[in-house]
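K.L.:
Listed below are the residues making up each chain.
2 protein chains.
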Amino acid sequence: MSENKIPYKIYLNENEIPSQWYNLRADMKVKPAPLLNPGTGKPMTAEELSVVFCDELVAQELDNDNAYIDIPQEIQDFYKMYRPAPLVRAYFLEKALDTPAKIYYKFEGSNTSGSHKLNSAIAQAYYAKKQGLKGVTTETGAGQWGTALSMACAFFGLDCKVYMVKVSYEQKPFRREVMRTYGAEVTPSPSMTTEVGKKILAAHPGTTGSLGCAISEAVEVATSNPGYRYVLGSVLNQVLLHQSVIGLESKLALEKYGEKPDIIIGCAGGGSNLGGLIAPFMGEKLRGEADYRIIAVEPASCPSFTRGKFAYDFCDTGMICPLAKMYTLGSGFIPSANHAGGLRFHGMSSTLSQLYHDGMMEAVSVEQTSVFEAAEQFARVEGILPAPESSHAIRVAIDEALKCKETGEEKTILFGLTGTGYFDMTAYEKFNDGLMSDYIPTDEELAASISKLPVVNE
Amino acid sequence: MSENKIPYKIYLNENEIPSQWYNLRADMKVKPAPLLNPGTGKPMTAEELSVVFCDELVAQELDNDNAYIDIPQEIQDFYKMYRPAPLVRAYFLEKALDTPAKIYYKFEGSNTSGSHKLNSAIAQAYYAKKQGLKGVTTETGAGQWGTALSMACAFFGLDCKVYMVKVSYEQKPFRREVMRTYGAEVTPSPSMTTEVGKKILAAHPGTTGSLGCAISEAVEVATSNPGYRYVLGSVLNQVLLHQSVIGLESKLALEKYGEKPDIIIGCAGGGSNLGGLIAPFMGEKLRGEADYRIIAVEPASCPSFTRGKFAYDFCDTGMICPLAKMYTLGSGFIPSANHAGGLRFHGMSSTLSQLYHDGMMEAVSVEQTSVFEAAEQFARVEGILPAPESSHAIRVAIDEALKCKETGEEKTILFGLTGTGYFDMTAYEKFNDGLMSDYIPTDEELAASISKLPVVNE
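Chains as they are written, first to last, in this note's numbering: chain A, 221 to 678; chain B, 221 to 678.
Excised from the complex, chain A in its bound form (with noise of 0.2 Å):
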């Protein structure tokens, strides 16, 4: 392994991290369908969304045309706290897969929220500070969007409410002491300070929360209190754009050393991972430049790619934020209280969902299990202890490598590891301890809740 010419660990320059977000949809043909107004029906303007979100995201979410935009020098400043993220050549798993295949994942959860999340949440934080504003609200799953935006209001001074989805503010006590010490206010969603969350919580007394709900009430929160503005860590074209900075940071690194992936893994829940690590392959495939795999992995309990239905739906539980054209197993989607990590969005990207639906990418379902097997594997040669939804797309680049070993191909695998599963110790535990079950809803419970989904006229 000493000999090898390609380093374990690729560390850009600091001067080579992106100084330009790459915005995949002015390479998109056919442009992901407008969010529109639930009103209406017709597609959302920038003066309605500007009361939901800050001016200058407003303007990055609706802008299909510019292939890339500048990346203000404080946010450039900020990145270089824990940017350049390394590539790192999984030598050691490799090795234990006894597989041809060569393996490489881009680690972005060496900062404190733990993962990729800070990308986005510094963009966010910067934009609402610019814009004067006295504070943001959003929701948290697993709860490193939280941390990543408490670290980024922290920084620029902004309050920051943050509805933690229920079940995990049980399970992650911790992760709310950490949004705590970067001085967020925490509140587990559904809870009794919105209306919204009162009307969920009547109708669903019991529930373990969703981030459609979580997200219901930190909009709710934002639109009715004067000077704050709501932000989210995923879904949104903006968010995807911000997350480029994964894949043109990849992109270079394997470009150093003369490498190109055969297959790009990566998880998707909201899908701010997935496009943020794609963009700049995707960009590249769409102007018919190259060809890669690309594969979306997504938890068996909450399989909005797989057996979801590309329509328009709300992107909330409590159905008062704008509609999104996407793969959708209906707003009202729970998944069952056994699922640990993230990834639990009933919906996703409709940036992400329209590529998929033109055949740009494929997408695979994992149960959790096997998720946990492949992530102590992974930690118990790499070092590293992955997050419960990173190990997504660690089972199946660990699936495609033995593949690879049948076959006897030398195929480049790149996968996004997203971060770290510190906080995630009780699921952990709970694997370590045999107990950790799986789910896959049944085609029933899924119709049901699609059948739901609002009648639009496009």
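In short, the hints are calculated from the structure, not lab data.
Bear in mind that the values here come from a model prediction, so they are computed numbers and not experimental data.
A couple of the hints might just be wrong.
Residues from chain A that face chain B, not an exhaustive set, calculated with beta carbons under 8 Å [stated by the list, open to error]: (1) K300; (2) Y302; (3) T332; (4) M371; (5) A374; (6) V398; (7) T401; (8) E405; (9) Q597; (10) R600; (11) E602; (12) K631; (13) Y642; (14) M645; (15) E649; (16) N652.
Covered stretches of chain A, going by a simulated chain B footprint (3 or more residues, C-beta under 8 Å) [what the hints assert, rightly or not]: (17) 227-239; (18) 383-397; (19) 603-611.
Here are the simulated lysine-lysine pairs, DSSO-like style, with alpha carbons at most 30 Å apart [claimed, not checked]: (20) K229/A x K529/B; (21) K354/A x K315/B; (22) K349/B x K225/A.
From the three backbone atoms N, C-alpha and C, an ideal C-beta is built for every residue, glycine too.
Here the structure of chain A is known, so what remains is to put chain B in place on it, guided by the hints.
P.N.:
Quick look at chain B alone, frame taken from chain A:
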């Protein structure tokens, strides 16, 4: 900031990771006092030590002559998983403090053990494997060492038995699960699984444990099970040797930018981080080639340097280990239960003790509330949530930087950021809720504990 020539993070290349450890003792005119056999009062021989420790580590323990010791290739390869560790210029902290001082920190926390401990764990596991052993035993306090050793043992397929100080075991259930995920067996100490544990529990029912107790138990298990040896994460010469990679990398990174620290600050429990960080700098100082102000920072609740006695003492509570000459509070000393972090060992590395005794370094003690204040301030501007242990160094680095602000001096400060606080959120929660308290042992308490030191004719 962006115009500054010195990057935020200075990463060395993988081929700049040290290929030799630096053995500080070779440059000490007054060598650290040898370990004594408590039965005979004579220096421990290699043969006697090899009952407890691996043979190669015994050789390193006793080697006061060779300044440089080759790092085996397998260890160098493992180091590449998480090293080189970045040297960070704390631009944001400098700005927040409005100080003319330049602050650098060596960040050792971006690996799953969350600290520098992996540097020695992998070396000790490697030599155990090479000797054909079945497994190793150890103790852990804050849990970082236990995690590091679990990772190292998983890598080499060694059995790993960890005795974890009971108060930490209870405050940090997630630490236990990380160790279990890497395949270790974790027992709260004192326990009923050993003779010495039973004795300690009989004498002090309800004790929250101490490193000294846990060491006794781990040593008993190692010496009473064939194919096992005991390994220790701090205090010993061999550990300081392995940890010299911290200082070697720091020095090289600074030299690349023509920087030279005026003040070097490290937290001190048993001395592993401090000894490693200062090693090459202290070497220059000992050889008269350069001068540095070197400051050890310890908790006011466990003040071995600042209030202990420089004398021979047991390293463990059960008095079954060799005697070491060191600054000690007495092997029966147990920090008060409100003490939150690590740094709870009653003694101190013999090497560092000798250097302190010879006036080559300073020591200060700080109270934990002020330590957490520094931790929070640091986290909010530098983005890393620090371990409570590391935050002792942050406290004093901030204090020194603020003195520079008063005097206008543009000093260069280097401190060791040994790890992250992700598993210390119970302590952070206390701090966030305003419930953290301080405790300084009275003179009477310390005198009572110190009066029980063994009588040794040197």
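K.L.:
Let me know if the C-beta of T401/A comes in closer than 8 Å to any C-beta of chain B, holds or violated.
P.N.:
OK, holds: T401/A within 8 Å of chain B, min 5 Å.
K.L.:
Against chain B, is Q597/A within 8 Å by beta-carbon distance?
P.N.:
violated (10 Å)
K.L.:
Count residues of the region 603-611 of chain A with a Cβ under 8 Å from any Cβ of chain B, then say if the count reaches three.
P.N.:
holds (count 3)
K.L.:
If you take the shortest Cβ to Cβ gap from A374/A to chain B, is it below 8 Å?
P.N.:
OK, holds: A374/A within 8 Å of chain B, min 4 Å.
K.L.:
The hint names E405/A as touching chain B; please verify it with the least Cβ-Cβ distance against 8 Å.
P.N.:
violated (12 Å)
K.L.:
Do the alpha carbons of K229/A and K529/B lie within 30 Å of each other, as the hint requires?
P.N.:
Judged against 30 Å, a Cα distance of about 46 Å means the pair is violated.
K.L.:
Is the shortest C-beta separation between K631/A and chain B less than 8 Å?
P.N.:
With a minimum Cβ separation of about 23 Å from chain B (threshold 8 Å), the hint on K631/A is violated.
K.L.:
Restraint: Y642/A near chain B, CB-CB cut 8 Å. Satisfied or not?
P.N.:
holds (4 Å)
K.L.:
Compare the distance between the alpha carbons of K354/A and K315/B with 30 Å, and conclude whether the hinted pair is satisfied.
P.N.:
Holds, at about 23 Å.
K.L.:
Quick one, is the R600/A hint okay against chain B at 8 Å, beta carbons?
P.N.:
With Cβ-Cβ at 4 Å, under 8 Å, it holds.
K.L.:
Please work out if K349/B and K225/A have their alpha carbons no farther apart than 30 Å.
P.N.:
Holds, at roughly 28 Å.
K.L.:
Checking C-beta pairs, does the region 227-239 of chain A have three or more residues closer than 8 Å to chain B?
P.N.:
Three-residue rule met by the region 227-239 of chain A, so holds; n is 6.
Checked against the numbered hints given earlier, this structure breaks hints 8, 9, 12, 20; the rest are met.
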